[in-house]
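Participant: Below are the chains, spelled out letter by letter.
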Amino acid sequence: SQQGEEDPQALSIQEGENATMNCSYKTSINNLQWYRQNSGRGLVHLILIRSNEREKHSGRLRVTLDTSKKSSSLLITASRAADTASYFCATRRNNNAGNMLTFGGGTRLMVKP
Amino acid sequence: DGGITQSPKYLFRKEGQNVTLSCEQNLNHDAMYWYRQDPGQGLRLIYYSQIVNDFQKGDIAEGYSVSREKKESFPLTVTSAQKNPTAFYLCASSSPGSPSGANVLTFGAGSRLTVL
Numbered sequence: 001s002q003q004g005e006e007d008p009q010a011l012s013i014q015e016g017e018n019a020t021m022n023c024s025y026k027t028s029i030n031n032l033q034w035y036r037q038n039s040g041r042g043l044v045h046l047i048l049i050r051s052n053e054r055e056k057h058s059g060r061l062r063v064t065l066d067t068s069k070k071s072s073s074l075l076i077t078a079s080r081a082a083d084t085a086s087y088f089c090a091t092r093r094n095n096n097a098g099n100m101l102t103f104g105g106g107t108r109l110m111v112k113p
Numbered sequence: 001d002g003g004i005t006q007s008p009k010y011l012f013r014k015e016g017q018n019v020t021l022s023c024e025q026n027l028n029h030d031a032m033y034w035y036r037q038d039p040g041q042g043l044r045l046i047y048y049s050q051i052v053n054d055f056q057k058g059d060i061a062e063g064y065s066v067s068r069e070k071k072e073s074f075p076l077t078v079t080s081a082q083k084n085p086t087a088f089y090l091c092a093s094s095s096p097g098s099p100s101g102a103n104v105l106t107f108g109a110g111s112r113l114t115v116l
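First to last, the protein sequences are chains A and B.
Sequential numbering from 1 applies to the first sequence in the numbering used here.
Sequential numbering from 1 applies to the second sequence in the numbering used here.
Keep in mind the hints are simulated off the structure, nothing from the lab.
Among the clues, some could well be false.
[Unchecked claim] Rough simulated footprint, nothing fancy, chain B against chain A, three-plus residues with beta-carbon under 8 Å: (1) 11-23; (2) 68-76; (3) 101-112.
[To be verified] Computed list of lysine-lysine pairs in BS3-like fashion (alpha-carbon distance at most 30 Å, straight line): (4) Lys57/B x Lys70/B; (5) Lys57/B x Lys9/B; (6) Lys26/A x Lys57/B; (7) Lys57/B x Lys70/A.
Note that the structure is predicted; figures quoted are calculated from it, not measured.
Here a beta-carbon is modelled for each residue, glycine too, at the ideal position from N, C-alpha and C.
If we strip away everything but chain B, and leave its shape as in the complex, we get (with noise of 0.2 Å):
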C-alpha cells in the first residue's frame, strides 16, 4: 500500500538534545512537508520541499532544520535551538497540482514529541 511513514511514534527528548523526526513516502510525490501542532491548535508549516535537493522554510522554521536528499525522504531534526519542542508533528507530501492548483496532501500518522 502506498503511504507515509513516520517513525518514532512518540519520542522524548532531554532539554539540550538534537532529534531527527523521520518522514518516508512510496507515493512517489514531488513535494513534502513538515507541520507541527499544538494541542488543541491547527497545523503550522516548518519546511516544505517541491523536489528533491531544494528546500524552503515555512512559517516557523527556527530551530528546524530538514534535508531531501532523496525523493522518498524528508527528515525533520530538532534542534536545541528549538524553545518549545513539545508537540506533534506531521508530514505530508503532494504530487504536482493541476494547472488550476489543486494541492491535495496526504498525511503520515504523525510523532509525538515530548521534551523532558
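Extracted from the complex, chain A is given alone in its bound form (with noise of 0.2 Å):
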C-alpha cells in the first residue's frame, strides 16, 4: 500500500514562478524525503527532514512537515525548465525494521521556459 501520496499528481508552470507539491501520509514516521526523477532515469535524494523538524531549506527548495496533519509539502522557487521531472515523497515508518522507504505516486512537474 501506499504510504504517501502526492497532489497534485501533475503541474504544470511558467519558469520563474515556485512550485508547490504536498505529501500526505497514513501512519506516524521517522522522518520524509523528496526525491526527483527525470524521464527514464532513476531516483536522485534531494531533501530528508525528520518528524521532529517543521522547515528545511536546500538551496531553492524549502520543505515543510506538519505530524499533526500527517503531512508536508515541498516548494520550488524561481522554477527553471531544468526543474522539469517527476517528484515524490517517501517515508520511513517508525516501528518499520527494516528501514524500508515507501514512496508515493508522485508529482509530474512541467515547467514551460
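With the hints as a guide, dock the two chains, each given alone in a separate frame, to form the complex.
Facilitator: Written out as C-alpha cells, the structure reads:
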C-alpha cells in the first residue's frame, strides 16, 4: 500500500514561477524524504526532514512537515525548465524494522520556458 | 566514481521465460533494494536485503526471486510466475542509518523490461 500520496498528480507552470507539491501519509513516521526522477531515469535524493523538524531549506528547495496533519510540502522557488521531472515523497515508518522507505505516486512537474 | 550500475538498460522477454536483472554497487552499502515502477506510478518494493546472505520480501514479491551472495551484488530474477512483468525496475542501496533512523537511498538508472 502507498504510505505517501502526492498532490497534485501533475503541475504545469512557467519558468520563474514557484512550484508547490504536497504529500500526505497515513502512519507515524521517523523521517520524510523527497526525491526527483527525470523521465526514464533513477531517483535522486533531494532533501530529508525528520519528524521533529518543521521546515528545512536546501538551495531553491523548501520542505515543511506537519506531523499533526500527516503532511509535507515541497516548494521549488524560481523554477527553471531543468526542474521538469517527477517528484516523490518517501517515508520511513517508525515501527519499520526493515528500515524501508515507502514512496508515493509522485507529482509530474512541467516547467515551460 | 561510486554508484549503482544496473544492466541491461532495456530487456525484452518472451512469455514463459525467466530473466535476471543485474545490480552492482561500489558504495560499500549494506542494504540493497529492488523497486518496480509502472507508467505514471510510484515505486513498489519487491525485495530488500540488509546484509549479505539475507533478504526479505517486500510488498509485491510474488513472481520474483533474489540472491545476495556478495555485498556488492543483488540480482533480481523475474520468473514466468510473474503475470505482468512489463515495468521499469529500479535498484537502490543505502548505508546503515544513524541512530535517528535516516535512510537515504541511492538509485541505479533502472532497467526497462518488456514482455513480448
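Participant: So which of the earlier hints does this model not fit?
Facilitator: 1 and 2
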